[in-house]
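As given, the protein sequences belong to chains A and B, one line each in that order.
Under numbering that gives the first Met the number 0, the first residue of the first sequence is numbered 0, with each subsequent residue one higher.
Under numbering that gives the first Met the number 0, the first residue of the second sequence is numbered 0, with each subsequent residue one higher.
Since the hints were derived computationally from the structure, they do not count as laboratory data.
Any given hint could turn out to be false.
The calculated lysine-lysine pairs, modelled on DSS-like cross-linking and capped at a C-alpha distance of 30 angstroms, are [as the list claims (entries may be wrong)]: (1) A:134 to A:170; (2) B:116 to A:29; (3) B:118 to A:134; (4) B:130 to B:69; (5) A:134 to B:69; (6) A:218 to B:41; (7) B:116 to B:85; (8) B:41 to B:209; (9) A:29 to B:239; (10) B:130 to B:12; (11) A:22 to B:209; (12) A:134 to B:73; (13) B:193 to B:239; (14) B:118 to B:69; (15) B:162 to B:130; (16) A:218 to B:234; (17) A:134 to B:193; (18) A:218 to B:73; (19) B:162 to B:209; (20) B:193 to B:24; (21) B:241 to A:29; (22) B:209 to A:134; (23) B:193 to A:218; (24) B:209 to A:29; (25) B:223 to B:116; (26) A:218 to B:130; (27) A:29 to B:12; (28) A:218 to B:241; (29) B:239 to B:209; (30) B:24 to B:234; (31) B:162 to A:29; (32) B:69 to A:22; (33) A:22 to B:41; (34) B:12 to B:69; (35) A:134 to B:239; (36) B:69 to B:116.
Remember, predicted model here, so these are calculated numbers, not experimental data.
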Amino acid sequence: MSKQSRRSEFLSEVGNISAFTGKFFREGFKPRYEWSELFRQCYIIGYESLPLVGITAFIMGLVLTVQSRPTLEEFGAASYLPAMVAVSIVREIGPVITALICAGKIGSSIGAELGSMRVTEQIDAMEVSGTNPFKYLVVTRVIACTMMLPILVVLADGIGLYASYIGVNLKGIVSWNLYTTQVFESLTFSDVMPALVKTYFFGFAIGIIGCYKGYFSNKGTEGVGIAANSAVVVSSLMIFVIDLIAVQIADILGLT
Amino acid sequence: MSTEENIVIRTEKLVKSFGENHVLKGFDLELNRGENLVVLGKSGSGKSVLIKCMVGLLYPDSGLVSVFGKEIPKLTQLELDELRTKIGFLFQSSALYDSMTVRENLEFPLRRHWMHKTKDEVNELVMEALKNVGLERAVDLMPSELSGGMRKRIGLARTLILKPEIMLYDEPTTGLDPITGREISNLIVAIQEKYHTSSIIITHDMECAKIVANRIMILIDGFKYTVGTYDELVKSDDPKIKPFFA
Ligand SMILES: Nc1ncnc2c1ncn2[C@@H]1O[C@H](COP(=O)(O)OP(=O)(O)OP(=O)(O)O)[C@@H](O)[C@H]1O
Ligand SMILES: [Mg+2]
């Protein structure tokens with residue numbers, strides 16, 4: 000493929016995703032609302048991702064603590080361990096790792112599900128039976144992702160911090176009370192707030208890109224695979240882009 | 000008999016291309032009220048595309064498609080949805096919703112009417128539709144547990160549940176054994192008589208065509224090649240028509 004056509008393909012993709020997002024905001028807030036499908040999606044997206052997110056967060060918290068200790072000890076700052084780990088988990092590791100895990104798990108499953116519904120004409124069947132498939136399938140999934148991701152991140156943060164407590168206690172003894180006091184003293188509004196706000200955008204990006212890729216998947220079983228795969232790739236990339244932008248905005252607002 | 004109000008679907012000079020692939024090149028069709036019109040054509044000749052234009056799943060490049068006198072491409076989303084409740088569409092691939100049971104599949108088209116229907120009424124409609132296709136026992140199965148022919152029949156039941164005034168069947172008997180195929184064909188005739196539906200039936204199955212057709216239309220190279228009754232066409236010596244009845 001020539002450079003030219005690849006560039007124009009990239010631009011048209013950006014345009015299409017923007018148009019798709021625009022359609023979400025136009026259609027999403029008009030009645031009728033698909034409540035039961037929304038709750039079903041929240042359950043699938045939130046609850047069923049929990050084990051994976053939990054295990055990852057636990058390991059990250061533990062590993063981060065164990066690995067940071069030698070460096071801090073070198074500077075005689077081992078007592079800062081809980082504070083340091085807490086800040087890195089809450090500010091960056093929790094949100095980004097959770098979002099990436101969800102991009103892999105949720106993004107691919109939405110891409111594959113909608114892709115196969117497109118290929119087997121289920122979306123067309125919905126359309127002719129008078130149910131707006133965009134509302135029923137896309138809007139519910141995007142809203143569910145946007146609402147569930149922050150909850151998953153908060154849980155992941157909690158599990159990560161608990162794992163870090165275990166990590167701290169692998170060598171030396173710090174009581175739970177002391178640990179939590181240190182953690183909460185180290186965390187400020189500007190650590191928690193920007194990190195929480197950006198997770199909404201992570202969730203939205205995962206939902207909208209998974210849906211876009213599946214909804215416009217090409218014919219054939221091959222199209223389903225491509226939809227699932229590119230949903231993961233593009234939404235993972237988007238997570239880092241959003242993270243970058245969020246850091247800049249927080250900086251401008253003085254939330255550092 | 001083809002007076003204006005008797006025509007429920009009309010296409011004139013319908014043109015539809017996909018890039019370089021010119022599928023329909025000016026197709027004319029009239030569906031009269033209460034008739035069964037069979038459309039024959041080779042695989043890939045654009046039969047599915049034709050009926051998708053009639054429900055607004057595809058938009059023609061040019062030409063006219065009107066249903067009940069309303070031009071499909073000019074309707075708003077709301078008007079189109081309204082019109083679609085009167086049209087049943089049986090997909091070639093059945094298009095059952097994988098993530099739902101058979102019962103939920105059948106209930107799905109009723110969602111917009113749920114406000115006015117009690118649980119019992121919905122259940123009754125579901126069971127009646129399943130009875131029509133002889134599959135009451137499948138009500139709690141998932142689509143993945145059904146055979147191809149069963150999927151087709153469930154698809155048909157789902158389409159019939161709203162008792163549409165127009166039915167568009169895309170290959171209703173393909174992939175079924177001859178006995179079930181005949182049952183479906185008879186069912187199509189029974190539906191026509193019972194609910195006075197007007198139908199377009201796309202098929203390769205000549206036995207089905209023979210049972211259901213009031214008129215048969217042949218689609219060749221994007222144009223309407225000919226139209227006539229089964230008996231007229233079966234006697235034809237035209238080398239382009241003969242292969243269909245061989
Ligand atoms: N959404 C689409 N995008 C691009 N091309 C399409 C699309 N739908 C159909 N076509 C093309 O239009 C042509 C006609 O397809 P169609 O599905 O109408 O055939 P058909 O007459 O129904 O054949 P069959 O009997 O095999 O079902 C095919 O060449 C197909 O490749
Ligand atoms: Mg077809």
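Indices of hints not satisfied (ascending): Failing hints, ascending: 1, 4, 9, 10, 11, 13, 14, 16, 17, 20, 21, 22, 23, 24, 25, 26, 27, 28, 33, 35.
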